[in-house]
Each structure stands twice: as C-alpha cells, then as structure tokens.
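Colleague: Read off the chains here:
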Amino acid sequence: MAEQEDFVSSMRRQVGWFVILGIGILFLLLLVVSVRTNVFAKQFYVYFFPPSASSFYEGQPVKFQGFAIGHVDDIELQEQGKVRITLALLDRYRHMIHEDSVARVIKEGLIGEQVVEVTAGDTEVAAIREGKVLGYETEASFEQLLADLKPAVGNANVLLKELASLATWMNEPDGDVRVAMASLKQVTQGVKGEKLEKMIEQFTLTLNNLQQFSKELNQQQVAKELSSSLKLMANILNDLQPLSQAIGKEGAMTVEHMNDLMKNVDQLSSSLNIVASDLSELTPELPGLARESRETIEEIKSLIKALQGSWLVGGDGSHKQSDGEAVSAPPALDFRP
Amino acid sequence: MIRWITLLSVTLMLTACGGSGQKNIVENPYAERMKELSRNGVMAMQRERWLPAQNLFERALEAAQLAGDPVLVAQAWYNLGSLHLSSGSDEKGEAALHQAAEVAEQHQLEKILLRTKIAQALIDQKRGQNSWQPDTISSLMPLDIHLSFARLAQLQGRYEASRRAYDFVLSKRDADRISLLYKINAHMGIALVAEQQKKHADALQEVRVVLEMSREVGAPRLAAHALMLEAKLVENELTQEDALEDALVIYQALGDRRGQKEALVQLMPIEERKGDVSQVETMRKQLQALEKD
Numbered sequence: 027m028a029e030q031e032d033f034v035s036s037m038r039r040q041v042g043w044f045v046i047l048g049i050g051i052l053f054l055l056l057l058v059v060s061v062r063t064n065v066f067a068k069q070f071y072v073y074f075f076p077p078s079a080s081s082f083y084e085g086q087p088v089k090f091q092g093f094a095i096g097h098v099d100d101i102e103l104q105e106q107g108k109v110r111i112t113l114a115l116l117d118r119y120r121h122m123i124h125e126d127s128v129a130r131v132i133k134e135g136l137i138g139e140q141v142v143e144v145t146a147g148d149t150e151v152a153a154i155r156e157g158k159v160l161g162y163e164t165e166a167s168f169e170q171l172l173a174d175l176k177p178a179v180g181n182a183n184v185l186l187k188e189l190a191s192l193a194t195w196m197n198e199p200d201g202d203v204r205v206a207m208a209s210l211k212q213v214t215q216g217v218k219g220e221k222l223e224k225m226i227e228q229f230t231l232t233l234n235n236l237q238q239f240s241k242e243l244n245q246q247q248v249a250k251e252l253s254s255s256l257k258l259m260a261n262i263l264n265d266l267q268p269l270s271q272a273i274g275k276e277g278a279m280t281v282e283h284m285n286d287l288m289k290n291v292d293q294l295s296s297s298l299n300i301v302a303s304d305l306s307e308l309t310p311e312l313p314g315l316a317r318e319s320r321e322t323i324e325e326i327k328s329l330i331k332a333l334q335g336s337w338l339v340g341g342d343g344s345h346k347q348s349d350g351e352a353v354s355a356p357p358a359l360d361f362r363p
Numbered sequence: 003m004i005r006w007i008t009l010l011s012v013t014l015m016l017t018a019c020g021g022s023g024q025k026n027i028v029e030n031p032y033a034e035r036m037k038e039l040s041r042n043g044v045m046a047m048q049r050e051r052w053l054p055a056q057n058l059f060e061r062a063l064e065a066a067q068l069a070g071d072p073v074l075v076a077q078a079w080y081n082l083g084s085l086h087l088s089s090g091s092d093e094k095g096e097a098a099l100h101q102a103a104e105v106a107e108q109h110q111l112e113k114i115l116l117r118t119k120i121a122q123a124l125i126d127q128k129r130g131q132n133s134w135q136p137d138t139i140s141s142l143m144p145l146d147i148h149l150s151f152a153r154l155a156q157l158q159g160r161y162e163a164s165r166r167a168y169d170f171v172l173s174k175r176d177a178d179r180i181s182l183l184y185k186i187n188a189h190m191g192i193a194l195v196a197e198q199q200k201k202h203a204d205a206l207q208e209v210r211v212v213l214e215m216s217r218e219v220g221a222p223r224l225a226a227h228a229l230m231l232e233a234k235l236v237e238n239e240l241t242q243e244d245a246l247e248d249a250l251v252i253y254q255a256l257g258d259r260r261g262q263k264e265a266l267v268q269l270m271p272i273e274e275r276k277g278d279v280s281q282v283e284t285m286r287k288q289l290q291a292l293e294k295d
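First to last, the sequence lines map onto chains A and B. Under my numbering, the final residue of the first sequence carries the number 363; numbering is consecutive throughout. Under my numbering, the final residue of the second sequence carries the number 295; numbering is consecutive throughout.
With the rest of the complex left out, here is chain A (with noise of 0.2 Å):
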C-alpha cells in the first residue's frame, strides 16, 4: 500500500515537472520571439500623407538605413479624402531620426518588394518627436528609369536592323544575316512587354552574333568598321546590363561608370559615322544599288544622329559646324593627247 503511494507521488512529482518544464519552455520560446519581432518593444508614431495609398500595405516594413525599425501600422482615409498612414517605429532608432526627415517608397532590388524608408533628416535638428507627421517624397521609380532607357535601346535596335540589311548586300543572301535578323526581330518585338533586362541580355546575344557575321563578311575595310563597331556596341550594352541592375539594387554605380559609358558611347558614334561614310562611298560600285542604298545611308546617319542626340550621349549632340562650302565637282578636262 505504501509502496503504491510512494510510486503514484514520484508520478506526480514528475507529471509536475514535465509540465512545469514545458510551460518554461514555452515561456522562454515566447521571450525570444518576442525580443526578436519587437512585439513588446516600445514604439512611438508618426504620421504621413501620401497622394495615393496604393503603395502600401499594413505591415509593410519601414526601413531605416537599410535596417527594419518599424512597420505601417494603419492606412486610413480621411474625410477630406487624404490618405493618413501611421508608421509604427521603434522607439530605440529615436534618436537617429529627425524632425525634417522624411519618408518615400523604395523598391528593394530590381524585383524586390516595395518598403517604406525613413530618412535621418538633418543631424543638427532635433531628434523625432511622437505624433509627428513627416514629410512625403515622391522618388523617380525605377520603372521610370527603364521608361527612358528603353527608346534608347530602340534607337540601337533599329540602328543595327539597318545595319544588318545594308550589310546583306555584301554577303550571300542564305548566310548568318538571316540568322542575326531573326533573332534582331525578336528583339524589337520584345521592346514592346519584355523586361529590359532580358531584353538587354537577348540584344546583346544577337550583337555577338552580327559581330560573328560581318567578321566572316570579306576582307573589305568596310566589314571591319561595321564589325569593331559592332564590338563597341556590344561593349556598351554590356555595360547597360550591369548598370540596370545596379539602379534598383545598392546604387552601386559610380560617376566614373557613367562618364566611361557616355566614352564608350561617344566612340561608338564616331566609329559608326566612319562606317557610314565608307557604306556611302561604297554605294556607287555596288550593283544595282542607286537611290534606295543611299536613302538608307541617309537614314542610318540620321539614326546615329539621333543616338548621339538621346540620352546615352547626354544630349550635347557633338554637332560639328560644317565646313560651310560644299565640295566641288573636279573640272571637266580632257587630256588625250
């Protein structure tokens, strides 16, 4: 009897034990998470009015140098019709934010989602007061920046399309030309929807490709420029690729990076302008080419224009004074003997 008494208490003990140690776990699993999600860390609001609401979501994450400090915590309409967002910060990153900072919407990475960004403000202000309503930027979207990429990148499309068909004119009808206008045609088409990254990657395949053709054209000076062209152009969309990314990601590029893009461009026009006057010295001795060719040619120096004139060359045009005369026609002397 006893000894059943002993055992149901050691039971007991232990039941007790188990429990207890679980709750303590429990306990403890509930601290850590808590401590890790800020749950009960002390907050302080603020407040914003953004044009629209559509960027935001209710425990969107607000970020600060990088680092989480708080999330939306509320998105209301005002009667006046003004949207309200209330920012649930950390009390903690106080200090470090100001009374002029202000808060914008970024995009983390070229895909990345949309998160909200406290700026510091200025360091001699004081520091963030609860209940403060700051000020919204609106900040240039990277969809913005591909916006004005993109014609950019059209103009070369359509640069090399020219290109491409002047050059059918000096190799076999059935040689890689077809090859490199297909896949240049599947470029232009994907102008319209796809990314510009893909878009950028495909281009510059397609480049390698005309690169390798106008390579095996002949040995005419011609079929070197277009190609050492060419090689510039895909130099410089190799170095668009990177670019790209690097706007949406960690701001990565550099002045320098800028100023030998706009180098490589600057090249690149004169280098095209070289072949496009071999071209138009050319058209008279290639058969059956008499008004079509040069209108091309005519037309491929208006494209080149017309890049030097975008964006990529900075606008400044590099347009030189002409020469002001035109050329004269040597004279007309017959010296038979």
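It is worth saying that the hints were derived from the structure and are not from the lab. Incorrect hints may have been included.
If you want a taste of the chain A side facing chain B, the calculated C-beta under 10 Å gives, among others [to be verified]:
1. Gly107
2. Ser354
3. Pro357
4. Asp360
5. Pro363
Yeah, the Cβ is synthetic: ideal placement off N, Cα and C, and Gly gets one too.
Knowing the structure of chain A, use the given hints to seat chain B on it.
Modeller: Just chain B now, kept in the frame of chain A:
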C-alpha cells in the same frame, strides 16, 4: 543610396532634356543634305558613274534651293555643269554653267565665277572660238581652279603660264585622293606640254609618273591617255604595241569609243607590219563596228 539615385535621376532628367547647357549650332538640314549629296556625287563622278552622279547633283541642287543659300545653289549648278561636260554633254553642261555664273555674279561669288569662266573658255577653245585668257590665278584659289587654268593656258599655247600653274598644283602637299588626282592631271598636263615642245624625254618621264600614280590612286582614263602618249613617244615598236593594247583594253572597259578608235587606228599598222593578217582583220571589223554605231 539616396544620393546615387538622386544623382542618377538628376543626370537622367538633365540629359533627357537634351541640354548640355550650351547653345546648339543650328544647321540647315537642306544645306547639310546638299553637301552630303554633293560629296557622294563627286565620288560617283570620280568613278565615272555619270548617271548616279547626275542624280545626286540634281538632288543636291534641289536641296540647295530649299536651303535658300546662293553659294550652295551656284555650287550645285557648277557641279552639274562640270558633270555634263565630263560625260560629253556639252550643251547641257554649258546651260548649267550659265546658271551657276548668273547666281555667282549676282552674289559676287568669286571662286565659282572663276570656275565657270574657265570652264566656258575651255568649251570655246574646244570649238576653236576665241576664248577668255586670264593672266594669272591668285595662289589663294583652290587647286581645281589652278589646274583648269593650266589646261586652258596650255590649249591656248601659253606654255610658260601653263607650266607654272601645273607646278603650283604639284607643289601642294595635300595627300587626299582628290588632291592626288589633281596631281596626276598636272603630271599629264606637263607631259603634253613637254611633248608639244618636243621634249620627249621629259614627256616620257612624266608619263611614267602618271602611270604609276594612276595605278596607286585609280585613274584609268588618265592611265589610258598616258599609254597612248607613251606609244607616241617611244620608238620601240614592241613597247608601242604593248602600250596601245593596254590603252585599248582600258578604253573598252570604260566604253570610250573615241579612245578605242584611236588605239585601233594606231595598232593596225603595227600588226600589218608584223604580218598578223587575222589580227588586222579582227581590228578592222572592230573599227567598222565602232564607226557604224
């Protein structure tokens, strides 16, 4: 990051506006087009592609008229005139030169006026009429004017003035294709002057220069003329025959009927002396065909 994005945004905004802050030099697109078409026309003309050259010069004239620039209009008329004269259409050439002279006189365009006057004098000289005889040409004038003057003076029998002008053309150090072509012309001119003055050794020396430079630069018609002159200057019949045969081949390729006839006429007696009857017969038939057409 914000700084970079802002910097990029500002750069994009500024560049998208196409503004470098500098004032752009405004170019009249029609004037630019006229110059471009003229350049292409001259290139076509140098290759004796008369029809494309005419087409280009006509379009250049249209562009010049649209540009509203009398200098360009006069130049375009002159280019067209020079082309017609070079291709053998003297009447059309004269009419175009008349137009050029009219505009040049009205706007006191010295160079174009001088070009047209010398060109007209050369036509008159060709017709056996009294032609204008300018004394000298200012050294500031372009090479083509000196060259034309040299040829005119030569045809007028003023060999000293002609030689001085040819030497002036040769004294220039320009090495572009057009300048080199002018120099080949000058050497050929000097060769003809020397031949007319019975200085055959000098003439032959100049002919050799013409042939060498023609091969380098690409001036087949001048090369053919030089070969014809060489055949005239050398005494060795074999060398004569070679030169004439080479000249004939070039004239045939150029479609120059007059040149072909002259080469055949000089070749036939050589072949006759050699006793190559079948060759003589073939040449006679060729000559008859050329005279018939």
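Colleague: Each hint should be assessed against the structure and marked as holding or not.
Modeller: Hints and how they fare:
The closest approach between the C-beta of Gly107 (chain A) and any C-beta of chain B is roughly 29 Å, which is over the 10 Å cut-off, so the hint fails. A cut of 10 Å between beta carbons decides the hint on Ser354 (chain A): the least distance to chain B is about 6 Å, and the hint holds. Proximity of Pro357 (chain A) to chain B holds as hinted, the smallest CB-CB distance being about 4 Å (cut-off 10 Å). Below 10 Å, beta-carbon pairs count as interface contacts, and Asp360 (chain A) has one with chain B at about 8 Å; its hint therefore holds.
About 4 Å separates the beta-carbon of Pro363 (chain A) from the nearest beta-carbon of chain B, less than 10 Å, and the hint is met.
In the structure shown, a violation is registered for the earlier hint numbered 1 alone.
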